[in-house]
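Engineer: Listed below, chain by chain, are the residues.
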Amino acid sequence: MPVPLINMNDDGPVDHPETEPKGPALTPLGTLPTRPVSPQDPDIIHVPPEAAIAEADVRSAERGEGIKGTSLWEDAWRRLLRNKLAVFGLVVVAIVTVAALIGPPMIQQATGYSPDYIPTNNVKLIKSFPPFTGPNGSFSWTHPMGTDNAGRDMLARVLQGGRISLFVGIISTLVSLLIGVSYGAISGYLGGRLDNVMMRFVDILYSLPYVIVVIVLLSMFRRQTPEGQLILLFIALGSVSWLTLARIVRGQVLSLKNQEFVLAARATGVSTPRIIFRHIVPNTLGPVIVYATLTIPQIMLTEAFLSFLGFGVQAPKSSWGSLAADGIQNIAIFPWQLIFPGVTMALTLFSLNFLGDGLRDALDPQMRKV
Amino acid sequence: MSNSNGNLLEVRDLRTYFELEEGTVKAVDGISFQLQRGETLGIVGESGSGKSVTNLSIIRLIPSPPGKIVSGEIIFDGRDILLLSEAEVRKIRGRRIAMIFQDPMTSLNPFMKISKQLMEMTQLHLGYDSSRAYEHAIEMLETVGIPDARSRADNYPHEFSGGMRQRVMIAMALSCEPELLIADEPTTALDVTIQAQILELIKEIKQQTGTSVILITHDLGVVAGMTDHLIVMYAGKVFEQAPTRELFAVPANPYTKGLLRSVPDPLVEQGALYQIPGLPPDVAHLPPGCPFAPRCERAEQICREEYPPFVEVTADHHSLCHFAREVYESSLDERKVNYK
Chain C
343 MPVPLINMND DGPVDHPETE PKGPALTPLG TLPTRPVSPQ DPDIIHVPPE
393 AAIAEADVRS AERGEGIKGT SLWEDAWRRL LRNKLAVFGL VVVAIVTVAA
443 LIGPPMIQQA TGYSPDYIPT NNVKLIKSFP PFTGPNGSFS WTHPMGTDNA
493 GRDMLARVLQ GGRISLFVGI ISTLVSLLIG VSYGAISGYL GGRLDNVMMR
543 FVDILYSLPY VIVVIVLLSM FRRQTPEGQL ILLFIALGSV SWLTLARIVR
593 GQVLSLKNQE FVLAARATGV STPRIIFRHI VPNTLGPVIV YATLTIPQIM
643 LTEAFLSFLG FGVQAPKSSW GSLAADGIQN IAIFPWQLIF PGVTMALTLF
693 SLNFLGDGLR DALDPQMRKV
Chain B
4 MSNSNGNLLE VRDLRTYFEL EEGTVKAVDG ISFQLQRGET LGIVGESGSG
54 KSVTNLSIIR LIPSPPGKIV SGEIIFDGRD ILLLSEAEVR KIRGRRIAMI
104 FQDPMTSLNP FMKISKQLME MTQLHLGYDS SRAYEHAIEM LETVGIPDAR
154 SRADNYPHEF SGGMRQRVMI AMALSCEPEL LIADEPTTAL DVTIQAQILE
204 LIKEIKQQTG TSVILITHDL GVVAGMTDHL IVMYAGKVFE QAPTRELFAV
254 PANPYTKGLL RSVPDPLVEQ GALYQIPGLP PDVAHLPPGC PFAPRCERAE
304 QICREEYPPF VEVTADHHSL CHFAREVYES SLDERKVNYK
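Residue numbers (this note's numbering), protein chains in the order written: chain C, 343 to 712; chain B, 4 to 343.
Rather than coming from a laboratory, the hints here were simulated on the basis of the structure.
Virtual Cβ for every residue (Gly too), placed ideally from N, Cα, C.
There is no bait here: all hints are sound.
The following residues of chain C were derived to be distant from chain B, with all beta-carbon distances above 10 Å: (1) Val558; (2) Ile577; (3) Phe650; (4) Gln671.
Only pairs whose alpha carbons sit at most 25 Å apart, straight line, appear in this in silico DSS-like list of lysine-lysine: (5) B:Lys119 with B:Lys94; (6) C:Lys599 with B:Lys94; (7) C:Lys599 with B:Lys116; (8) B:Lys94 with B:Lys71; (9) B:Lys94 with B:Lys209; (10) C:Lys599 with B:Lys119; (11) B:Lys116 with B:Lys94; (12) B:Lys71 with C:Lys599.
Sequences and hints are given; from them, build the entire structure.
Structural biologist: Spelled out as C-alpha cells, the structure:
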C-alpha cells in the first residue's frame with residue numbers, strides 16, 4: 343500500500359483550468375507525478391472546502407496571480423500617511439522647500455526686490471518698515487514681512503535664507519551619510535582588530551566638542567568668497583556629524599553579516615567590497631534614512647548657530663541663522679526682523695523632526711510600540 | 004575507484020579546527036574522501052558532527068578567526084584549493100563549485116529582486132551583459148519549475164514561498180553550470196511534500212547536466228534514494244564510508260547501525276522509537292578512546308582507552324571501529340535472518 347498522498351503540486355488541476363497543463367510533459371521539473379483523483383480512491387484525503395480555498399489562495403500566491411505584492415516601501419508609505427503629525431511635517435517641509443526654491447525669483451518679478459536689493463532712492467533715516475507697510479507708512483502688499491535695516495525685503499531674504507539653510511542641511515547630511523555608512527559598514531563587516539581601532543577612533547572624535555571643532559575648522563580655512571565659505575561649511579558640518587551614523591550602520595552590519603544570504607553571496611564568489619555595498623548596505627537603509635532625516639534639522643540648527651555667531655553664512659548671502667543674528671540687534675525696535683526668520687526656522691525644524699519620527703515608525707514597525 | 008584521474012574532488016586528511024576560549028574544537032578531524040564526476044556523495048551525521056564545516060572548508064568559507072584549516076589537501080580537478088589565492092578561489096566559488104543552503108528563507112537577499120540575484124552570478128562569472136543575464140535568469144527559473152517565471156522574476160524573495168525560494172536558490176547555484184553542487188541540508192527547512200519535489204529536482208538536474216553532488220543531511224531517508232556513496236560522520240570524524248546500498252544493507256559500525264535503527268519502519272509495528280542513548284559529545288573535550296564509546300552499546304574496555312583504527316572491511320567499505328569486522332559479520336547474519 344502506498345502512503346496516503348495529498349496532491350500539492352504547483353499545477354494542481356482543481357483551481358486554474360485555463361492554465362492546466364495538457365499532459366505530463368509540461369509538468370515542471372521536480373513536481374510529484376499527479377495521480378488521477380476519484381472519490382473511490384481510499385488513499386486520497388478529502389479536504390474540507392475551507393481548507394481547499396485556503397490552499398487555492400496559497401497556490402495562486404505562488405503563481406503570482408490575483409494578489410499584487412506590496413513592496414516594503416509601499417507599506418511604509420501607507421503607514422506614514424496614517425500618521426497625522428508626519429503628514430503635517432511632510433506638507434510644511436514641501437511648502438517651505440518649494441517656496442524657498444521659486445519664491446525669490448517670483449518676488450523679484452512681482453515687486454522688483456531681489457533678496458539683496460537695497461533701494462537706492464530711499465532717503466529716509468529708518469529704512470526698516472513693519473510688515474505690510476509701504477515707505478509712506480500706509481498699507482502695502484510689497485513687503486509682507488517688512489524690510490530689514492538696509493531696506494531689503496524680508497520675505498525674499500527669509501526664503502533665500504531657507505534655500506541656503508536647507509541646502510546646508512541636506513548636503514552636509516549627504517556628506518555625513520557617505521562617510522558614516524562607508525566607515526560603519528567597513529568596520530562592522532571586516533571586524534576584528536580593524537573594527538576595534540576604527541571604533542575607538544570614533545569614540546575619540548565623540549569626546550571632542552564638535553561645535554568647537556567646526557569653529558576651529560572654519561576659522562582655519564576661512565575663504566574669501568561666500569561660495570567657498572559655504573563649501574567649507576558643508577565639509578565641516580558633514581565631517582563631524584557622521585559618528586552616530588557610523589555606529590548605527592556598524593551595529594546593523596554586525597547582525598546582517600552573519601545571515602545566511604551573506605554566506606550564500608560569498609559562496610557564489612562575490613567580492614568583499616561588492617558584498618558590503620551591494621548586499622549589506624541596502625539592507626541597512628531603513629534606519630539610515632530615519633537617522634538622516636533627523637540629522638538634517640540638527641545640522642540646520644548647528645548652521646544657524648554658527649551663522650548667528652558669524653562663522654557660517656556671510657552677508658550678502660543669508661541663512662536663517664544670520665538673519666536671526668541681524669534681527670536680534672534690533673529686537674526692541676524692529677521685532678519682525680527676528681520673528682519671521684525665527685518662526686520659519688522653528689516651524690521647519692519641527693516639521694522635519696515630525697517627519698523623521700514618522701519615518702522611523704513607518705520603516706521600523708517593531709519600534710513603534712516601545 | 005582508486006583511479007585518481009576520474010576524481011573531480013579528492014579530500015585528504017582535512018582538519019578544520021576552531022580556536023575558542025574553551026579550547027580547540029576539532030570540528031573536522033582528519034577526513035578523506037573522493038568524488039568522481041557525475042557521482043553523488045551523501046554525508047550523514049548528527050548536528051555538530053562536522054558535515055557543514057567539511058563543505059565550507061571545500062570552498063574555503065570557514066569563518067576565520069576562529070576557524071582554521073590546520074592541515075590537509077582539497078584537490079579539485081587536479082589543483083589544491085587550499086593553496087590557491089583568494090581571487091582564484093572566488094573564481095571557483097559559484098562558477099565551478101556551487102552551494103545550496105539549508106534555509107531558503109534567509110539565504111536570499113531580502114532587498115534584491117530575484118532576477119538581480121540570479122543575474123549577479125552570470126554577470127560575475129561568465130561576463131554576460133545585463134539583457135543576456137536577464138534572459139538567462141528567466142531560463143533558469145523555468146528550468147527549476149517556477150511557473151510564470153517572466154512575471155515572477157522581478158519579485159522580491161518575500162513574495163515567494165519556502166519551496167519556491169529553494170528552487171530559486173537551486174537556479175542560482177546552477178546558473179554557471181558548476182561541476183560540483185554542494186547541497187547543505189537543502190530540504191531541512193521545507194515541509195515533506197516540498198522536500199520530495201526539491202529532491203526530485205536535484206536528481207533530475209543531476210541526470211541532465213552530469214554535475215557531481217555532495218548532499219549533506221541528517222535524514223537517512225533523503226540520502227537513500229539519491230546517493231552513490233555515503234559517509235557517516237561523528238564528532239568530526241568519518242565513522243563509516245561505503246557505497247550507499249552496502250552501507251544500508253550491511254553497516255559495519257555500531258553508530259551507523261544505531262542511526263539506521265532510529266529510522267521508523269512503517270512495516271513494523273513497534274512501541275517507542277529507537278534512539279541512540281546520550282548526546283553527541285563536546286568536540287572540545289573528547290575522550291582518548293573512541294568518541295562514540297560512551298553511547299555505544301557494544302563498547303568494551305579497549306574502546307574507552309584506545310582510539311579505534313579505520314578498518315577496511317571490504318575493498319570499498321571502511322569503518323572506524325575496533326570491532327568493525329565483527330559488526331559487519333553480525334549485520335550480514337541479521338540480513339540472512341530477515342530474508343528467510
